[in-house]
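In case you want the letters, here they are:
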Amino acid sequence: MSAILSVENLTVSYGSDSTPVVDNISFKLLRGQCLGLIGESGCGKTTTARAISGLTPYQGGSIQFNDKEIEGPHPSIQMVFQDHSNSLNPRMTILQNIIEPLRYLGITTRDAMTKGQALMEQVGVDLSRSNDYPHAFSGGQLQRISIARALAPEPELIICDEPVSALDLSIQAQILELLKTIQTETGIALLFVSHDLSVVRYLCPESVVMASGKILEKGSTQDILDQPQHPETKALVQAIPKWTHNQS
Amino acid sequence: MSELPLLELKGAHVRYGSEGSGVSAIQGVDLKLSEGQCLGIAGESGCGKSTLSHLISGLLPEKTHLTYDSFNICGQEAPALGSRAWRKLRGSTISMIFQDPIGTLNPFWTIGQQLKETLKFHGISTTKANSTSVAGEWLEKVHISDPGTVLERFPHQLSGGMCQRVNLALALCTQPKILIADEPTTALDVTTQKTVLDLIANLSKESGMAVLLVSHDLGALSERSDKLMVMYAGKAMEWGATSEIMTSPSHPYTRALLKAQPPISGPLPDKLELIHGQPPRLSKQHELCPFLNRCPSSIEACQKTMPSINGKSTHRRMCHLEDN
Numbered sequence: 001m002s003a004i005l006s007v008e009n010l011t012v013s014y015g016s017d018s019t020p021v022v023d024n025i026s027f028k029l030l031r032g033q034c035l036g037l038i039g040e041s042g043c044g045k046t047t048t049a050r051a052i053s054g055l056t057p058y059q060g061g062s063i064q065f066n067d068k069e070i071e072g073p074h075p076s077i078q079m080v081f082q083d084h085s086n087s088l089n090p091r092m093t094i095l096q097n098i099i100e101p102l103r104y105l106g107i108t109t110r111d112a113m114t115k116g117q118a119l120m121e122q123v124g125v126d127l128s129r130s131n132d133y134p135h136a137f138s139g140g141q142l143q144r145i146s147i148a149r150a151l152a153p154e155p156e157l158i159i160c161d162e163p164v165s166a167l168d169l170s171i172q173a174q175i176l177e178l179l180k181t182i183q184t185e186t187g188i189a190l191l192f193v194s195h196d197l198s199v200v201r202y203l204c205p206e207s208v209v210m211a212s213g214k215i216l217e218k219g220s221t222q223d224i225l226d227q228p229q230h231p232e233t234k235a236l237v238q239a240i241p242k243w244t245h246n247q248s
Numbered sequence: 001m002s003e004l005p006l007l008e009l010k011g012a013h014v015r016y017g018s019e020g021s022g023v024s025a026i027q028g029v030d031l032k033l034s035e036g037q038c039l040g041i042a043g044e045s046g047c048g049k050s051t052l053s054h055l056i057s058g059l060l061p062e063k064t065h066l067t068y069d070s071f072n073i074c075g076q077e078a079p080a081l082g083s084r085a086w087r088k089l090r091g092s093t094i095s096m097i098f099q100d101p102i103g104t105l106n107p108f109w110t111i112g113q114q115l116k117e118t119l120k121f122h123g124i125s126t127t128k129a130n131s132t133s134v135a136g137e138w139l140e141k142v143h144i145s146d147p148g149t150v151l152e153r154f155p156h157q158l159s160g161g162m163c164q165r166v167n168l169a170l171a172l173c174t175q176p177k178i179l180i181a182d183e184p185t186t187a188l189d190v191t192t193q194k195t196v197l198d199l200i201a202n203l204s205k206e207s208g209m210a211v212l213l214v215s216h217d218l219g220a221l222s223e224r225s226d227k228l229m230v231m232y233a234g235k236a237m238e239w240g241a242t243s244e245i246m247t248s249p250s251h252p253y254t255r256a257l258l259k260a261q262p263p264i265s266g267p268l269p270d271k272l273e274l275i276h277g278q279p280p281r282l283s284k285q286h287e288l289c290p291f292l293n294r295c296p297s298s299i300e301a302c303q304k305t306m307p308s309i310n311g312k313s314t315h316r317r318m319c320h321l322e323d324n
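These protein sequences, in sequence, are chains H and F.
Taking the working numbering, the leading residue of the first sequence gets 1, the next gets one more, and so forth.
Taking the working numbering, the leading residue of the second sequence gets 1, the next gets one more, and so forth.
This is chain F alone, in the form it adopts within the complex (with noise of 0.2 Å):
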């Protein structure tokens, strides 16, 4: 695997409405994404993962004050927010796909008109019969086993599944160099959501694709991600390798968020470890560590100043703390 950075992102700030009485939704975060690698970002409603998957791909509302260090997309400086090159670029070298399967498809179109008007668009195939065909072939590797009849269906005709698989065919045709999955899983079952995670892995490996993996899902993103990202009220809270960081959490945040999910196997605690507590308003910037008044082992240090990065090169975290 190649460390060729496809996606780096630094000090990014994102603020929706105006400063005072508007929305920090991420307050300083960096990210970086190389080639066949994938990234999860994990974190609760509010934490910013939405927004910071919505402006790397450009959708971010053109109203929203953006700012960044730097923003390379395959080394390339990243359009500015609401600029039409985005738009060659979506699509081609970077796809999406959401949580709500259905509601992402257009419901007047059929499943084929909708895969044909994504290969025409991106110069993929341009005749008629072939875009059929690739459309069919690309069903098939999201294991629709009937692409024939698929082709002719309606969204409302399909389940929350099939139309999850419909999404990641629409987003994988373009052989994207980068997906990013917001929730992708969310509405599934089980059993679809680990074929559809299946899917995107097996997928990622034969082409060397990125993937962006954002959910709440702990197992999910431990089972699937390279990377890690764990994210608290706009700010990056712990990153580094996800098993480091599944096994040997360092910041009293995700401690707290793993002993809140009940285990799937081993001793049954009494009680599950509950977070006190409101996450903070995000109406300005943070000046001290967002996670002071929730935490169970602050000291002194943290009602003063914003704790700096610090850890292992391959686990970082910000917290005051003595790493133990």
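For reference, chain H alone in the conformation it holds in the complex (with noise of 0.2 Å):
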């Protein structure tokens, strides 16, 4: 399968500060791939996600979507972040909300409003709140509908902030269920960053993890959790609370 999305040797730094914050990473996305981006706060996923997706102007290195060089924004490129109740306008319906990003591609109200009504049932939400604001739903509802408002656009690849991160544990089931259902149908590429290795193991065959702006390891998210190579990712992967329970 070709490569959607192609980093090579990113780099970005904040400010005048030398640091990077990104250091020099590399790693390629194919299409309709689901890829975990695992590492601690401060490690750098975030604004990987984000020089990724436009938001973060990069020094170094080239971003290929489509083996086509990008710089800022791009339409089939979305993002859906963690912060469910600052990331959509307070001040529009939610309806609006989802529409949005149509508005920038030339496409009728109308015709935006019959496609953010599918997009709704869709994420399942209920058509009858569409008129509602931002305010009057919770987490998950929340996070339903930024999905919805990424794939709005029909992108080829929505990058995931950490997007259950916020959500209690039932919540967090339904939305990991609605990304994978959209994910089998319609053959979307995600970019799925999280610190939760148990999530990123159920939804991401394979994975990169990253510490202190590098790359650590990549590979099949099964084989980093049974056998780290890094001295790091050891540490990540002993961390986390071993538990089992009875599934049956």
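Don't read these hints as lab results, they were simulated from the structure.
Each hint should be verified, as a subset may be incorrect.
[To be verified] Lysine-lysine pairs mimicking DSSO-like chemistry, simulated, CA-CA at most 27 Å apart: (1) K141/F x K234/H; (2) K234/H x K194/F; (3) K218/H x K205/F; (4) K284/F x K180/H; (5) K271/F x K214/H; (6) K63/F x K284/F.
Assembly of the complex is requested from the two constituent chains, each provided in isolation within its own frame, with the hints serving as guidance.
Structure representation (structure tokens):
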């Protein structure tokens, strides 16, 4: 399968500080692949995600999407953020939020509305609530709405930055199932940024592990969990509380 | 480990606001915590776990409607809500650490000032030189490698993990008998989480301090707690030895919760089992099992009466289903 995204020697630093937050990293994401990006707070995973989606300028290296160098936001790359309460516009209804990206693609309001309603159905938000504002929704519902907004421009890649970290376990399961269904049905590629290895293992067969702005290792998520190569990955894996329960 | 109960609460009910329109956050919860024990409280947002930890630390707002059959701390009856007697009890007998490590520290005071104030208030060290050295020692105990520098720092100059260790030093420097840890590691990385939980476990082992660990993280609870209570909609659904609950959960809610978490090892399920529906409104007292409308295995009896408490003495639950 061909690579949809190819990150080469990407380097990002903030402000005048010359210490790079993301330091010369390279990885590829295949079409339709679900790739995990794992690491602790401050390791540079969110910066990487933001650089790819064009929200943060980068200083070195290249980001190629469909074999073309990109700089700045691209309609085919969409993002879902961790903070569901602040990632939607509070002064727009949820339907307006969902169809907002379509305005920039020259789609008529009528078509956009129809599409927005279809998306609401797809992500499981009650159509009767399309004129309600974000504050009236729970965290899980807001994350569904954010996913609908990300799906609106029919992207080829969605970057999910810790999309379930702020959610309860039962709601987390619902969002994971929703992402999995969307991914299987549409063949969209996912870059799934998370510090939760059990969630990454469930969704992503392959992963990249980051620490201090560098990539420590990449490969099958199961292998990373079973035989972490780098000492820092080992520490990360060992710190996860282990528990088993009767699945029956 | 002695079985002397340091904390005993029976038949607790908490309601915020007026009857009918308010929220009945806790609806009849019993709890017992013995020396050296770690009791885990598991549950999702709105189940009443934080209300419970605020109740025990006397931090509920004064207008809260609180009733209980009995509430004893170290064999003494607990002071009434809003009583000044709580000020002596909190800190010296019961200490707390909370979820937001930076927000719980005073942003205008250095770490040293905050530690020294606590030591002075509780009469642990009175002279200036002595309190600085005691404060430094406590920072060392929570594995802060450069206590001299950290004492001079303000909270915003430290990372979340460092701040939570400072909070831990603040909570423990009075050598309390009970530590209430309300989601202490939720905002931290897994490795920092491990450090903080290791520290709590070691200090509890050394001093016999009892720990009430409130968390939504089943992994952390299963590793750290001796006993576990699973709460839902203001009620305890299942409680007993942690290992028993994790390996053979007997309440449908606990089972559903455990299956909602993707496993970290072993075969991956094709689909996670979802808990459909919404938790019930807490505006009034439950007349039937609060999990009824979401329960995949409800039976006729569930539609008629509130289930009684049943099960083994080491593993209790509130459910009509036959125990299997």
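Hints, one by one, checked against the model:
Taking the CA atoms of K141/F and K234/H, the gap is about 25 Å. The hint holds against a cut of 27 Å. Our distance criterion of 27 Å between C-alpha atoms is met by K234/H and K194/F, whose separation comes to about 14 Å. This hinted pair does not check out: K218/H and K205/F have alpha carbons roughly 40 Å apart, beyond 27 Å. Proximity of K284/F to K180/H is assessed by CA-CA distance (about 38 Å); at most 27 Å being required, the pair is judged violated.
In summary, the hint linking K271/F to K214/H is not supported, as the alpha carbons are separated by about 33 Å, beyond the 27 Å threshold. Between K63/F and K284/F the alpha-carbon distance is near 18 Å, which keeps this suggested pair within the 27 Å criterion.
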